[in-house]
Amino acid sequence: MAAETKHAAMPAKPPIWNDPRYRAIFFQILVLGAVIGGSVYLVNNTITNLEKRGIASGFGFLERTAGFSISLSLIEYSEEMSYGRAFLVSVINTIMISVIGVFFATILGFIVGIARLSSNWLISKIAAVYIEILRNIPLLLQIFFWYFAMLGALPGPKQSVVVFDLFFLNKRGMYSPKPIFEDGFSLIVIAFILAVVAVIFVARWARKRQDETGEQFHTVYVSLGILAGLPLVAAIITGFPLSWDYPALKGFNFKGGLEMIPEFVGLLIALVMYTASYIAEIVRAGIMAVSHGQTEAAYSVGLKPGPTLRLVIIPQALRVIIPPLTSQYLNLTKNSSLAAAIAYPDLVLVFAGTALMQTGQAVEIIGMTMAVYLTLSLLISGFMNWYNQKMALVER
Amino acid sequence: MKTTIRVLTGIAAAALISTSASAGTLADVKAKGFVQCGVSQGLPGFSNPDESGNWTGLDVDMCRAIAAAVLRDASKVKYSPLSAKERFTALQSGEVDVLSRNTTWTLVRDTALGLNFAGVNYYDGQGFMVRKDSGIKNAKELGGASVCVNIGTTTELNMADFFRANSLEYKPVVFEKADEVVAAYDSGRCDVYTTDQSGLAAQRIKLKNPNDHMILPDVISKEPLGPVVRHGDDQWFDVVKWTLYAMLEAEEYGVNSQNVASLKGSKSPVIKRLLGVEGDLGKNLGLDSEWAFRIIQQVGNYGESFERNVGPNTTLQLPRGVNNLWNKGGLMYPMPVR
Ligand SMILES: N[C@@H](CCC(=O)N[C@@H](CS)C(=O)NCC(=O)O)C(=O)O
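Those sequence lines, one after another, are chains A and B. Per this note's numbering, the first sequence runs over residues 1443 to 1838. Per this note's numbering, the second sequence runs over residues 8 to 345.
Source of the hints: derived by calculation from the structure; they are not laboratory data. Here the structure is a predicted model, which is why all the values come from computation and not from measurement. Be careful, since some hints might not be right.
Stated by the list, open to error - Dumping the calculated DSBU-like pairs for lysine-lysine here, alpha-carbon to alpha-carbon at most 35 Å:
| hint | chain 1 | residue 1 | chain 2 | residue 2 |
| --- | --- | --- | --- | --- |
| 1 | A | Lys1620 | B | Lys184 |
| 2 | B | Lys229 | A | Lys1697 |
| 3 | A | Lys1620 | B | Lys144 |
| 4 | B | Lys271 | A | Lys1697 |
| 5 | B | Lys271 | A | Lys1600 |
| 6 | B | Lys147 | A | Lys1600 |
| 7 | A | Lys1692 | B | Lys229 |
| 8 | A | Lys1692 | B | Lys271 |
| 9 | B | Lys229 | B | Lys213 |
| 10 | B | Lys213 | A | Lys1776 |
| 11 | B | Lys147 | A | Lys1697 |
| 12 | B | Lys213 | A | Lys1600 |
| 13 | B | Lys271 | B | Lys215 |
| 14 | A | Lys1600 | B | Lys279 |
| 15 | B | Lys248 | A | Lys1620 |
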């Protein structure tokens, strides 16, 4: 009976061109076709126009000799190597500034964000001033400021600031001894990896024990002990297979040792300070989003302010913090392309700059450059989404 | 970032411009009534805005001469200041009609970049500038130096060649804008600043204490600088090329901005042809018969432009040297205007 009424109430099946489902699919296919058709037309047209003007194209240039030097390279590189290699060097430089930048910006951002909420009037106001100033000055100006201010303040190579005859600081950069790994060093690395694994197990065991018995374990001290101890034992056994390459003044500049160029430092300071001001606000908002009742509840079960923040507030705040934090990480990575302004040899300066100028292959090079930034951005947001989900699962 | 946007517009332009031949640049320029000229972002003597914001310089005179020839008025020029990195994309994408910006003529630029060099208006070579108190007397002593340089220049490449050929180590410190190169060198970041010798003479003026710096005697490359146009527009190419030759030819035959009006009555057939009194050479260029007359009257001949902008009586104090006429021991050899 009921089924019958329902059947009667159903309208007649609409004709296929009026069925919203089919209609949606039809229009989607139409749009897709237009997009593909349009792209094919644009690509085709580009190629024809480039050919007509005699502008070179293709990826063959990646194997040709680059012929230029790069002031900072984590992998081996010389002028005799290819454009492909120069590309790699510049990608690594971009990743390096981004990763280190994200690391310090996060730390500084959390500190400032928490300071902003401090009950101490002075600390809170200092944090507020920091945030307001740094957020409201264009990043490029900040980069120039730090870079040229630093260059102005540092001495020339002959008057370097010297620390223990090991570290030297001047306008050309910061020089420190460079470790040289000899045979047997791999044993120390293995010992360290073992120590890390051991620490993970200890931490798990300690948590489980605490869950079961309520007893706390000095995980931090024990972990530090293991992390330092195991490699040390390995080092003693292998007879310290490590020597140092010390920087020394030869001619104009220091040679040998590890070198940190001022362009890197200037860019890093600017990116970190600028991004941290945004992160601080995100952290503040995240913490404020956790209801005050949580703090009171934590205090009433006897937790001290430190552990309250660490164990109760931050884990809950993180859920609010992570999504906007991700976009700050993306911003920092993309902003690192301003490097070109102060000679930090990143992807934009070396590849989309020098290499582009020398080969004239704008389409290929800009395409590859965009692909790199896109990949980096997707990796960062992929990782952050994973982390976010992990944090979200903790919710009870 | 701006550069990237420029490059992207260039690509987008290449993608969107219809494949059918567009009207020539000459017709475009006549239609819009001004010449869009790509210049530097400020290089004294070559292309530099003066106190009142008017562009002046040897390269600027080239733009003005083209406007005088095509539009009858040397002031009908709009300037686009371009960094070394941006300049070719700006020309390729049609953002400027001609690039007159201390640009070196090389094979790759002439071919792979889809450009054409319309001649040479300054023969130069790359040099080095150092602090006097560094004690360096020649370029071979530069091993281990940090070198400040502009991106997207031949300078960047020649420098690599030079240090490699002499087995000297060096650290390039590469900036996008000339102002930052100068600031970094001035602040002591680099031991050396390298670019065209004329560029060094020009940039030295901008340093805090120009007298603390000196240009080394070594010249490590050939840098023929000249105006550039897009490949494939032969008519416009001809106009720019013969504008330069007209300025040189005028100097060779003693025609200058002062005497050009009276020389219309000259007996010399060469001068008569040049000034359009006899024959109609301009027609072959798509211009009127007085094209060269106006160039000389409004801008002057090449020698006048040189003396006014970069010569011994200017702050740059560059000697005429190889930029003298061929019959005075130099390399300037205008093709016959006939
Ligand atoms: N002639 C060389 C170098 C030209 C060049 O850009 N030189 C720089 C350094 S002097 C310059 O003119 N800068 C002025 C500016 O960018 O405004 C070339 O064509 O690559």
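Taking the hints in turn, this is what the structure says about them:
1. A/Lys1620 - B/Lys184: Distance of about 34 Å is within 35 Å: holds.
2. B/Lys229 - A/Lys1697: Judged against 35 Å, a Cα distance of about 32 Å means the pair holds.
3. A/Lys1620 - B/Lys144: Holds. A/Lys1620 to B/Lys144 sits at ~33 Å (cutoff 35 Å).
4. B/Lys271 - A/Lys1697: violated (68 Å)
5. B/Lys271 - A/Lys1600: violated (66 Å)
6. B/Lys147 - A/Lys1600: holds (21 Å)
7. A/Lys1692 - B/Lys229: Holds: A/Lys1692 and B/Lys229 sit about 32 Å apart, inside 35 Å.
8. A/Lys1692 - B/Lys271: Distance of about 67 Å is beyond 35 Å: violated.
9. B/Lys229 - B/Lys213: The hint holds at about 25 Å.
10. B/Lys213 - A/Lys1776: holds (33 Å)
11. B/Lys147 - A/Lys1697: holds (19 Å)
12. B/Lys213 - A/Lys1600: holds (26 Å)
13. B/Lys271 - B/Lys215: violated (49 Å)
14. A/Lys1600 - B/Lys279: The hint is violated at about 66 Å.
15. B/Lys248 - A/Lys1620: violated (57 Å)
Consistency with the previously given hints fails for numbers 4, 5, 8, 13, 14, 15, ordered from lowest to highest.
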